[in-house]
Amino acid sequence: MARLAEGHGLFGVLAGTANPLTAVTAAVYASTATDFVRIITRVQLGLEHPVTIAEELAILDNVNNGRTVILADTGELDADDASEEVEVLREALGNRPIQHDGPRWKVPAGLPANPTATKSIAVTPKPAQLEIPFWLTGIRAHDVSENSHLPVVAREPSSVSNPGAVQPAIARISGELKQDRERAAAWAAAGVTHLLIELPRDGDEAALMTLISRHLAPEVGMPNFPRVMSQSRAPLPWPGDRG
Amino acid sequence: MRELAVLMEGLGYDELWLSEHHFFYDGYCPALLPAAASVLSVTERLRVGTGMLLLPMYDPRRLVSVATDLSTRSGGRLDLGVGMGYRDIEFDGHGVSRKQRLPRMLKGLEVLEEAQATGGAPVWMGAQLIEPVKRAGQRGHPILFSAALPFERCRTLTKVWEEGWAEAGRPAATRPALGALRNIWLTEDAKEREAARDWVRASYVQYAGLGWTLPAVGDHQVQDYAEDTDKAIADTVETTITGSAEECIRQLRMFDEIGIKHVAFRLILDGEPRAALESQLRRLAERVMPHLRERVAA
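Each protein sequence line maps, in turn, to chains A and B. Note that this note's numbering numbers the first sequence so that position 98 is 98, with each residue one more than the last. Note that this note's numbering numbers the second sequence so that position 158 is 401, with each residue one more than the last.
Next up, chain B with everything else stripped away, as it sits in the complex:
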């Protein structure tokens, strides 16, 4: 992880986002701030975000102390992305009732917002349904959308977020840019493209194992990883941006045009060799990033 972060910084990437799950067989990272500290301690410019830290499972006062310490040590390079979580076992393992996740989330947000107002880490939110996305807009927090959300769903939710922002009486001119994780693989080689899409597929089998599901939103259909696993995964693989540099740039600019200016490349995938990952980081840095106007992450 640290070696990758140093490589990314050298290649010109701006942000690295880390994600959290608990009690999972493959050692999925359960403690993002120590992992972020590890990366921040060996880099100088790269921002590190938690995408997402599952806020209801933490004591928010202690969390703020740790985040503020880390933000201070790193020269303000920490972004604190928070989400609610959805797995019963993750709540139960930390002694938290799932029924309490919303009140705990809101209470935790108050504590984080208080810290942000006095120079603490900027708060981001992870959400994919209308109400939470609107709430993030109302509270003034940018969203980092899941890579599994098709572009049209990102567009719908971005509008919802903007409505929330406006409803809270915030001026449009001060709206922060939103972010989205994206599966992406720059290649003109058909076999490599096929392999990359299959690594994306395999990575979402993990989400079926985690019990994740993307509920319906408006006209956007449910992606049910539990009941209709193969279709949900196949639909998600279709969100992958693959092709030439020109094609990748074209699709990434679509996000830019709807206000999503932080794009985090979801590149660490099951089955992918380390050499392929490093090669892809280099390719994107050399052939895509110079053509994009805003921040690029991985």
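Next comes chain A alone, as it looks inside the complex:
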């Protein structure tokens, strides 16, 4: 699927939706199957120490040469815990040593049984990117965004709240051209910059990718897209070896 999306020129693929525990592994596989697309990695908070998660994401970002986008799902955490965990993750993935002392996490922990531990740590290796894009989703996403000002993935055009910055959204398409065109246009009009698309179950993935790349992406890729281009007959396939 990741390779197919890349072949259609899409900006990214969403990895880790099937099982939050194995999201980073799925993202690594999507990374090595592709060269250019962003690897949007869904990380559910509250399942492991945030420093461990930061280390895994740093490796991922090096594996894919800086194509990672973190999609942090607040999961079952309350607003305060989710906010703090996002804070620790971002500090750990930053370029300065981390020393965090909060209600839920103290990093380093400063435990008496670890007497030679230093007062701060630097998570290494650093991500390949200067700063990994960090998006939010989940029940407490808007609470976390209040202080962090990180983008929240919108689920309805009416819920877009930050149209001046990168504004991701997620929506399901039907596979019916007219209806999907209208949906894509509504999202663009609301100020969404990056739309994550859920495909209909049991749909023809290749045909749906063509629908997205040939019809939907151009519609929002330029104002007043001349539809004569997408509606014209597709060029003939190459008759020889495509390798």
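By construction, these hints were calculated from the structure, which means they are not laboratory data. Computed from a predicted structure; not experimentally measured. The C-beta atom is built at its ideal place from N, Cα and C for all residues, glycine as well. Keep in mind that a hint or two might mislead.
Unchecked claim - In silico DSSO-like links for lysine-lysine, alpha-carbon gap of 30 Å or less:
1. Lys-342(B) <-> Lys-402(B)
2. Lys-434(B) <-> Lys-474(B)
3. Lys-106(A) <-> Lys-119(A)
4. Lys-126(A) <-> Lys-106(A)
5. Lys-119(A) <-> Lys-402(B)
6. Lys-106(A) <-> Lys-350(B)
7. Lys-106(A) <-> Lys-342(B)
8. Lys-377(B) <-> Lys-504(B)
9. Lys-504(B) <-> Lys-402(B)
10. Lys-402(B) <-> Lys-350(B)
11. Lys-119(A) <-> Lys-342(B)
12. Lys-377(B) <-> Lys-474(B)
To be verified - Partial chain A-side listing against chain B, Cβ under 7 Å, derived:
13. Leu-21
14. Thr-22
15. Val-63
16. Ser-120
17. Ile-121
18. Thr-124
What the hints assert, rightly or not - Ranges between beta-carbon positions, derived for each pair:
19. Asp-432(B) <-> Ser-213(A): 50 to 60 Å
20. His-534(B) <-> Asp-101(A): 34 to 44 Å
21. Gln-231(A) <-> Gly-270(B): 47 to 57 Å
Could you slot chain B onto chain A? The hints should help.
Then chain B, alone, in the frame of chain A:
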């Protein structure tokens, strides 16, 4: 890493082992399973082992989920080597008390063993002292010995492991082969030999920086990287197998004879040019590996 793995697979190597440390200036890999996933995703036959993943620092249930997923994706090519860790800062950075490392290790092993029994990744252990080595034998897990352990110490610990295996009532005929990392450099050229041994020396200076020490075991002396750094490093450099193909084969067969049949060549060293590494991988594959009966790793 991925390019090297593909090269190794093409040359006929069977295993690649990765090692873990945290919060170290040079970007020492802190997350082995994502790194293993990267290698497994671009290879078809090569096994990838964690040597060693520091088990007490992880939630074992989540770890098993990730390892099982990776094992499934790769057609069962993951070996899950686990150790306890020894650096205070690595425990503290993950909110774990060093006092808890043994109970957490044992609890984690139970979870991993449960998964292994139902088709999960095979569990290996890293240990260099009598009690942990015996415990690995009792629990039925093969050991991958450190490259810093001289041959005689490997022989002593192999016997200890076999005693543990027997004490648990396991039949000798079902004992798995053990493994050892080895510093090795095949060359007949004196200057290249000198350079390779110096790269080994430089690589162990890192271990002095990490605060590692090899404690005394029985008649085997301590290699104290903290208090007697130069001697400890010099002693470790002496474990390096160098020389002609015949000499390398002779020394590697000594390991085979004591039950260590997985030999992982420790070849990625500080200061070594990439061309030298690739050339050495080729030389060993062409001139040494065909003469060895069992698995060879790097």
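To see whether the hints hold, each was checked on the structure:
{"no.": "1", "hint": "Lys-342(B) <-> Lys-402(B)", "in the structure": "holds (29 Å)"}
{"no.": "2", "hint": "Lys-434(B) <-> Lys-474(B)", "in the structure": "holds (23 Å)"}
{"no.": "3", "hint": "Lys-106(A) <-> Lys-119(A)", "in the structure": "holds (11 Å)"}
{"no.": "4", "hint": "Lys-126(A) <-> Lys-106(A)", "in the structure": "holds (21 Å)"}
{"no.": "5", "hint": "Lys-119(A) <-> Lys-402(B)", "in the structure": "violated (42 Å)"}
{"no.": "6", "hint": "Lys-106(A) <-> Lys-350(B)", "in the structure": "holds (24 Å)"}
{"no.": "7", "hint": "Lys-106(A) <-> Lys-342(B)", "in the structure": "holds (18 Å)"}
{"no.": "8", "hint": "Lys-377(B) <-> Lys-504(B)", "in the structure": "holds (19 Å)"}
{"no.": "9", "hint": "Lys-504(B) <-> Lys-402(B)", "in the structure": "holds (14 Å)"}
{"no.": "10", "hint": "Lys-402(B) <-> Lys-350(B)", "in the structure": "holds (26 Å)"}
{"no.": "11", "hint": "Lys-119(A) <-> Lys-342(B)", "in the structure": "holds (19 Å)"}
{"no.": "12", "hint": "Lys-377(B) <-> Lys-474(B)", "in the structure": "holds (28 Å)"}
{"no.": "13", "hint": "Leu-21", "in the structure": "holds (4 Å)"}
{"no.": "14", "hint": "Thr-22", "in the structure": "holds (4 Å)"}
{"no.": "15", "hint": "Val-63", "in the structure": "holds (5 Å)"}
{"no.": "16", "hint": "Ser-120", "in the structure": "violated (9 Å)"}
{"no.": "17", "hint": "Ile-121", "in the structure": "holds (4 Å)"}
{"no.": "18", "hint": "Thr-124", "in the structure": "holds (5 Å)"}
{"no.": "19", "hint": "Asp-432(B) <-> Ser-213(A): 50 to 60 Å", "in the structure": "holds (56 Å)"}
{"no.": "20", "hint": "His-534(B) <-> Asp-101(A): 34 to 44 Å", "in the structure": "violated (58 Å)"}
{"no.": "21", "hint": "Gln-231(A) <-> Gly-270(B): 47 to 57 Å", "in the structure": "holds (51 Å)"}
Checked against the numbered hints above, the structure violates hints 5, 16, 20; every other hint is satisfied.
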